Structure formats: structure tokens, C-alpha cells
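Q: In terms of full-length UniProt numbering, the sequence shown opens at residue 1 and continues consecutively.
If you're looking for bench data, these hints aren't it; they were derived computationally from the structure. Certain hints may be false.
[Stated by the list, open to error] In silico lysine-lysine, BS3-like type, Cα no more than 25 Å apart, as pairs:
hint	residue 1	residue 2
1	Lys-105	Lys-29
2	Lys-83	Lys-12
3	Lys-22	Lys-12
4	Lys-55	Lys-41
5	Lys-73	Lys-29
[Said to hold, decoys possible] Pair ranges (Cβ atoms, derived):
hint	residue 1	residue 2	range
6	Gly-81	Lys-105	17 to 25 Å
7	Gln-97	Glu-15	30 to 38 Å
8	Thr-27	Lys-55	33 to 41 Å
9	Arg-18	Lys-55	52 to 60 Å
10	Arg-77	Arg-18	17 to 25 Å
11	Gln-95	Asp-32	17 to 25 Å
12	Pro-39	Val-109	42 to 50 Å
13	Gly-81	Gln-57	43 to 51 Å
14	Val-109	Leu-28	14 to 22 Å
15	Arg-34	Ile-104	34 to 42 Å
16	Gln-5	Lys-29	15 to 23 Å
Remember, it's a predicted structure, so these values are computed and weren't measured experimentally. Think of the CB as a built atom: it goes at the ideal place given N, C-alpha and C, for glycine as much as any other residue.
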Amino acid sequence: MLPNQFLFELSKMFESGRQTNKTIRITLKRYDGRTTRNPRKPQDKPRMKPKQQQKKQQQQQQPEQKSPPSESKCLIRASSGSKKIRVEVGQKDVQFQQSYSNLIKGNIVGLKKK
1 MLPNQFLFEL SKMFESGRQT NKTIRITLKR YDGRTTRNPR KPQDKPRMKP KQQQKKQQQQ
61 QQPEQKSPPS ESKCLIRASS GSKKIRVEVG QKDVQFQQSY SNLIKGNIVG LKKK
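Generate coordinates for the entire structure from the input sequences, incorporating the hints supplied.
A: As C-alpha cells, this is what we get:
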């Protein structure tokens, strides 16, 4: 989803949440582009059979090619009921960050204290 679309959908979520009294959850996390979780540490892995261990050692001995580090990204997710939206934002996208913070500040007024 594009950042502008995300902001538009998020503002619609806030509006509908205010009218229907639904909870809106927003999460932010650092995003490196992976769609799977981090690999386990060697001590956390279950024990393998000897043949499997030999295969694994051969694979690990092959040289690994690492990609050059790219700019850091942030994954922003919002959900309200069954509707979910997400966007990936680069660290240099200042205009989105300003628009996002203004949107949050404008809609934080109706929050209840827990």
C-alpha cells in the first residue's frame, strides 16, 4: 500500500472507530524486508541425525554472499476489527512522518484512560 493511501485508510478507520466505538491498534517495528522470521541459533535447534548434520556442515562451509546494507525501513500496521492495513516507510520519508504524526495527534483527543 502506498503511504498516502495508508494515511487515508487510517483516517477512515479513526472516523469509523469513533462512531462505532471500536478499538484501533497501531504497531510500528523495524523492517528489514524479510517475510520469514530470523533463523534459530545453533544451540536452540533440535538434534539431527548424523547424515543430516554432515549435509548441514557442507552447506555452511560454502561461502555466503551478503547483500549490501540498504536503508532502514519501518513497518506500520493498523487494525480495527477484521480490517487490517500496513505500509513500509523508509527513513528518508519525512513528509509521511509529519503527516502521520499530525493524524495521530488529531485523533488522540477522544481516547479514554485505562
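Q: Hints first: check each against the structure and report whether it holds.
A: Consistency of the hints with the structure:
no., hint, result
1, Lys-105 to Lys-29, "20 Å, holds"
2, Lys-83 to Lys-12, "11 Å, holds"
3, Lys-22 to Lys-12, "12 Å, holds"
4, Lys-55 to Lys-41, "18 Å, holds"
5, Lys-73 to Lys-29, "9 Å, holds"
6, Gly-81 to Lys-105: 17 to 25 Å, "24 Å, holds"
7, Gln-97 to Glu-15: 30 to 38 Å, "22 Å, violated"
8, Thr-27 to Lys-55: 33 to 41 Å, "38 Å, holds"
9, Arg-18 to Lys-55: 52 to 60 Å, "57 Å, holds"
10, Arg-77 to Arg-18: 17 to 25 Å, "20 Å, holds"
11, Gln-95 to Asp-32: 17 to 25 Å, "23 Å, holds"
12, Pro-39 to Val-109: 42 to 50 Å, "44 Å, holds"
13, Gly-81 to Gln-57: 43 to 51 Å, "49 Å, holds"
14, Val-109 to Leu-28: 14 to 22 Å, "21 Å, holds"
15, Arg-34 to Ile-104: 34 to 42 Å, "27 Å, violated"
16, Gln-5 to Lys-29: 15 to 23 Å, "20 Å, holds"
Of the numbered hints given earlier, the model fails hints 7, 15; all others are met.
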